[in-house]
Amino acid sequence: MYNPFSLENKKILVTGASSGIGKAIAIESSKLGASVIITGRSEERLKDTLELMSGNPSYIVADLSVKEDLIRLTKDTEALDGLVNCAGLTKVLPFQFAARDNYEEVMDVNFFAPVELTRLLVKSKKLVKGASVVFISSVSGVFCSAVAASIYSASKGAVNGVVKGMALDLAAKNIRVNCVNPGMIDTNIFSEGKITEEQLSEDMKRYPLKRYGKPEEVAYAVVYLLSEASSWVTGTNLLIDGGYTLL
Amino acid sequence: MDLDNFVTNFSDQFEDTDVLEFSPTTEFKNLDEWSSLLALSIIAMVDEEYGVTLKGDDIKEANTIEELYNIVSTKK
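Which chain is which? The protein sequence lines are A and B, in order.
My numbering numbers the first residue of the first sequence as 1 and each following residue consecutively.
My numbering numbers the first residue of the second sequence as 1 and each following residue consecutively.
Treat the hints as calculated values from the structure; they're not laboratory data.
Errors might be hidden in some of the hints.
[Claimed, not checked] If you want a taste of the chain B side facing chain A, the calculated C-beta under 8 Å gives, among others:
| # | residue |
| --- | --- |
| 1 | SER36 |
| 2 | ILE43 |
| 3 | GLU48 |
| 4 | ASP57 |
[To be verified] Pairs of lysine to any residue, SDA-like flavour, derived with a Cα cap of 25 Å:
| # | chain 1 | residue 1 | chain 2 | residue 2 |
| --- | --- | --- | --- | --- |
| 5 | B | LYS55 | A | ASP101 |
| 6 | B | LYS75 | A | PHE5 |
| 7 | A | LYS91 | B | THR25 |
| 8 | B | LYS75 | A | TYR220 |
| 9 | B | LYS60 | A | ASP101 |
Only a predicted model underlies this, so the values are computations on that prediction, with no experimental measurement involved.
Glycine is no exception: its CB is placed at the ideal position from the N, C-alpha and C atoms.
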């Protein structure tokens, strides 16, 4: 069947696959034919994701903020056609309360871990020629920000910057590097409860399409960037925000 | 923990509201300056000063500064 968006015969590693956007990407990529390796901190939750996936997926338990885990993950991973860096977190703090250690906690997971993982995979030639690397950035820190989101914005802005540099340097190896920039997606990213359900449903009304996005709706964009359909696309930001940044 | 000190820490988060407006019985969500950012600033202040992690719903439940103080006290 004619399908330039197919992921058949592609080996793809997805980080942060035990929940939210990463989980949806793992599931959708597997359904489109990719052989997917998922990674995350909790074996139990990775197994839950695995049950929802097609094909012959596998998992590697790793905490990407631990150097030894990064090295082991790089070593245990086969040659990859795709890498999706999804693991991420947020810390909601008004700017005057956001101290250096708060930034470090978020930067470690959202910026340093995926950048270092990608670097190690490139260096050990685990990303084949023609491979595609996708980072989950955000509208926040690239196109706009939100109340008490300076830490998160800084980390996603940093991702946006490094992607452009990486895209340029890795073009020589024919490895493409891109970002997707989702607006608010229905995940448990605010599970700590500083933001109330009421505030979230009020915020939802500010989206021209009148709802938050679904994890699959980000996954489809990632599928495009992983597939041959995007083979001349590198260093870009793919905005998926229900029209949020139009206003 | 003392209530007067809590009221002072609470009022410190505001810029435009007269400090005399703040007392234990102040219904803080009726203040003109109240906003979602201030709610998050109060949560961050309580964490920093009292080591207590409040949720947005705790702020929602409290009407007066004293009621919020009582919530913080029970969590301490």
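Open item on the list: Next item in the hint list is GLU48/B. Is there a CB on chain A closer than 8 Å to its CB?
Closed with: holds, 6 Å
- [ ] Quickly compare the C-alpha distance for LYS75/B and PHE5/A to 25 Å and report which way the hint goes.
- [x] Violated. LYS75/B to PHE5/A sits at ~52 Å, over the 25 Å cutoff.
- [ ] Measure nothing beyond the straight line between the CA atoms of LYS55/B and ASP101/A; if it is 25 Å or shorter, mark the hint as holding.
- [x] Roughly 21 Å between the alpha carbons, so the hint for LYS55/B and ASP101/A holds.
Open item on the list: For the restraint on ASP57/B, tell me whether the closest CB of chain A is nearer than 8 Å.
Closed with: holds, 6 Å
Task: Residue hint ILE43/B, partner chain A, criterion CB-CB below 8 Å - done: Holds. Min distance 6 Å.
Task: 25 Å Cα cutoff - pair LYS75/B, TYR220/A - done: Measuring from Cα to Cα gives roughly 43 Å; hence the hint is violated.
Open item on the list: Next pair to validate is LYS60/B with ASP101/A; report whether the Cα-Cα distance is within 25 Å.
Closed with: Judged against 25 Å, a Cα distance of about 29 Å means the pair is violated.
Open item on the list: Holds or violated: the hint that SER36/B contacts chain A, with Cβ atoms closer than 8 Å.
Closed with: Interface hint status for SER36/B: holds (6 Å vs cutoff 8 Å).
Open item on the list: Can you confirm whether the C-alpha distance between LYS91/A and THR25/B stays at or below 25 Å?
Closed with: violated, 31 Å
The structure does not agree with the numbered hints 6, 7, 8, 9 stated previously, though it agrees with the rest.
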